[in-house]
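Protein chains: 2
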Amino acid sequence: MFESAEIGHAIDKESYEKAVIELREALLEAQFELKQQSRFPVLILINGIEGAGKGETVKLLSEWMDPRLIHVESFLTPTDEELARPAQWRFWRKLPPKGQIGIFFGNWYSQMLHARVDGDIKDARLDQLIDATERFERMLCDEGALIFKFWFHLSKKQLKNRLKELESDPQRSWQINPLDWKQSEVYDRFVRFGERVLRRTSRDYAPWYVIEGSDANYRSLTVGRTLLEGLQAALKLKGRPRPQPHAAPLVASLDNRSLLDSLDLSLTLSKDDYKQQLAAEQQRLALLVRDKRFRSHALMAVFEGNDAAGKGGAIRRVTGSLDPRQYRTVPIAAPTEEERAQPYLWRFWRHIPARRQFTIFDRSWYGRVLVERVEGFCTPADWLRAYGEINDFEEQLHDYKIVLVKFWLAIDKDEQARRFKEREETAFKRYKITDEDWRNRDKWEQYVDAVGDMVDRTSSEIAPWTLVEANDKRYARVKILRTINDALEAAFKRS
Amino acid sequence: MFESAEIGHAIDKESYEKAVIELREALLEAQFELKQQSRFPVLILINGIEGAGKGETVKLLSEWMDPRLIHVESFLTPTDEELARPAQWRFWRKLPPKGQIGIFFGNWYSQMLHARVDGDIKDARLDQLIDATERFERMLCDEGALIFKFWFHLSKKQLKNRLKELESDPQRSWQINPLDWKQSEVYDRFVRFGERVLRRTSRDYAPWYVIEGSDANYRSLTVGRTLLEGLQAALKLKGRPRPQPHAAPLVASLDNRSLLDSLDLSLTLSKDDYKQQLAAEQQRLALLVRDKRFRSHALMAVFEGNDAAGKGGAIRRVTGSLDPRQYRTVPIAAPTEEERAQPYLWRFWRHIPARRQFTIFDRSWYGRVLVERVEGFCTPADWLRAYGEINDFEEQLHDYKIVLVKFWLAIDKDEQARRFKEREETAFKRYKITDEDWRNRDKWEQYVDAVGDMVDRTSSEIAPWTLVEANDKRYARVKILRTINDALEAAFKRS
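Those protein sequences? They're chains A and B, same order as listed. With full-length UniProt numbering, the residue at position 158 of the first sequence is 158, and numbering never jumps. With full-length UniProt numbering, the residue at position 390 of the second sequence is 390, and numbering never jumps.
Chain A with its partners taken away, still in its complex shape (with noise of 0.2 angstroms):
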């Protein structure tokens, strides 16, 4: 969930200032018209990690704007007036109306939040006020609010950091409470309960927007650019709001960093290492599926990538030394006649293993939100609510105890161009290479935006994706094989 803001996102001091001047400009015209038509209201969520740079960006944001016309919320401590009624009753008295824009720091996420990592509540508690909480969403989105739920995160090392720097800043450590440091220390926790929140709580018509924060000139601009892109397309949507009307857009990464890119795919290894790690891997798979705890589980693995990415090959390593009666591989290519006349998911539900089988998926549910998303064959309400369907059904496949392993093998354009070729130039690979692949390779930028928003909307801790650096196969066959292994063993221990 927080894979993409943790890469090192950053922009420079003078391509910055050059942004807001028009970010700026724009902003102010967005919220002018949005008064002009005071058509509906705009409510901005900030959560996150302390010293992510929440306070700095609220404040950026109301220099940027016109005061006027947006409040800051913040809800610390409740007043008296407040704790005499029903704890939604502060979140609604403040509001914003139509035409405006309301910032509500310290909302109802943060106080759930807070409650579970101090063990105030547990998980059943948890699922209520999460539950609670899109059902309010729904009813603002659907009285026609326009939500933005902005999650500033940092690595743990970044905080680290960060907190040292203010440590020894004499001007600036006044900015470290108490508080700060025991976020330090619950950051584990925090992080764990706010992916559980965030996967539930990011729905189509009200989705998180996960910002790094380290960066202060990024963080900014990312915030700024998002409001303004979701501001412009809700202004043009004329008459009355309809339910998602306001499902607001996915914002590309501005300094063009992208999780993709920040992968070493120069990562090798020898033929040697290669043999004798294959093997060890491949017995210690063959034993773990036939070890007496697995009989509780079942294993699924989804392997997506770059046209030409290995894929094929890497599944036949992995089932190389199993038994054929315990696993089974489905290619998933266009659906059939039977499958289009069922929802999306159920072409997927059909193929789930029982107790002690494995299966393996080779291209998977996520063809939705990567080919159908790129290639324009389902409408953007689909997909945009798709992440929160695909995340339902792989926590339904987490209680049962069935292992889920997410393999996405990238390959970068040159080594995707030379596999292409030896395709073509060798007789028994030719079936394998077609024009629509050449033709799939125009889209590039568009697959790595859609598996940025992938990864970051769907990877989870119950469902981690695994970024696969597969411009060497033989590396990248021994990755997929261990994290299999690992995922088995990590599962056999906490059942």
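Rather than coming from a laboratory, the hints here were simulated on the basis of the structure. Not one of these hints is a red herring.
Footprint (simulated), chain B over chain A, 3 or more residues, beta carbon under 8 angstroms:
no.	segment
1	85 to 95
2	114 to 128
3	399 to 413
From the three backbone atoms N, C-alpha and C, an ideal C-beta is built for every residue, glycine too.
With the hints as your guide, set chain B onto chain A.
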């Protein structure tokens, strides 16, 4: 929630047989059109009290419709194959494809309800299951499915009669199995948890229909007619199904018996009794709101009713013996400009009493499903989703220990005419009567439907409606005061 399904609906044999001929034909036609279009599937969920005719109705539907396009699935004991996979798998594999109808018996609702009634799970877990169900059904609807959820109901007395009847009939006594008897014992729990489930899962895109089950003719015709109208409406919508295309219509009572008709409006109270009882109940209320236990509670009273039903007079009697600092009357008229700039419920959240306070709403948030529905001030989508939103709202009040009492003051049409004329003739009452009041009378029947739907969908254990026979003002006033007092006392006992 079950009020309208306990009033003894019935249809005579002759009318039934005549109606069925047309109904069957129309259903077959709709089914054919459904197949022709093959744009969406239809899912019918069958739930409710044992002995209320679930099985019989399903049998009948299968006979009425083309059996090749309707599939009855009953989910009793899971098979080995099903047990080896996540719980939802067995439902996915039986989902009807586009163009066809699936009837699900013993579905997800039966399972969660039985688990809760048997004490295998607690409320928090039930809430998690409800939440998962909501996500599942929402996804199915987003994918185009048309869902009907039927709850077959019997009052406790009807259930007992039904069981006796079966027992004494040698030819049918085999139909009674131990489960039925057990059901009779656990009736109260079943209805209580059933209500919680229905309240939470009756959403605009997949509402519940509560069917009184004691009369086979009424039950069969109502189910058939509901299906037919829902099908026809969905088939008319061309183009790709969008979220909420299929908010199935609310169906007017088939035997022209309504919840309001079932009231005995001849109830009266003599002047002496009135004086004495009124004073006693007023005194009781004054003591209750000064009771120490009221410090952790608050009180809200909602007054709705026919024009000239005596709301104002009743409210004055309620507050007659109270300290003006402790209560507040909020008259609800057309929303102000400020209120129109906010979500619908905002203007009511504003007036939620603090602890130890008492707020009286002279008309209320129910305006949306009454006057706004009847007069067309909002779209059907708006008032259809309002039932769920109102239930969510009232649940929050209840969770905060706010005692909520809701009154519908009912008079008959003649009595209303009499009062209107009296107002016209009495100088100091003349301001109370306008041309609009006379115009509203033309919509009497529409209001009867709206009130029935309102009570069915928003009367619940935590926030019940009280229908007040108000032809006699004295009787009404005492009943209202007594209801408030009883509710407060019950709340004190609970806490």
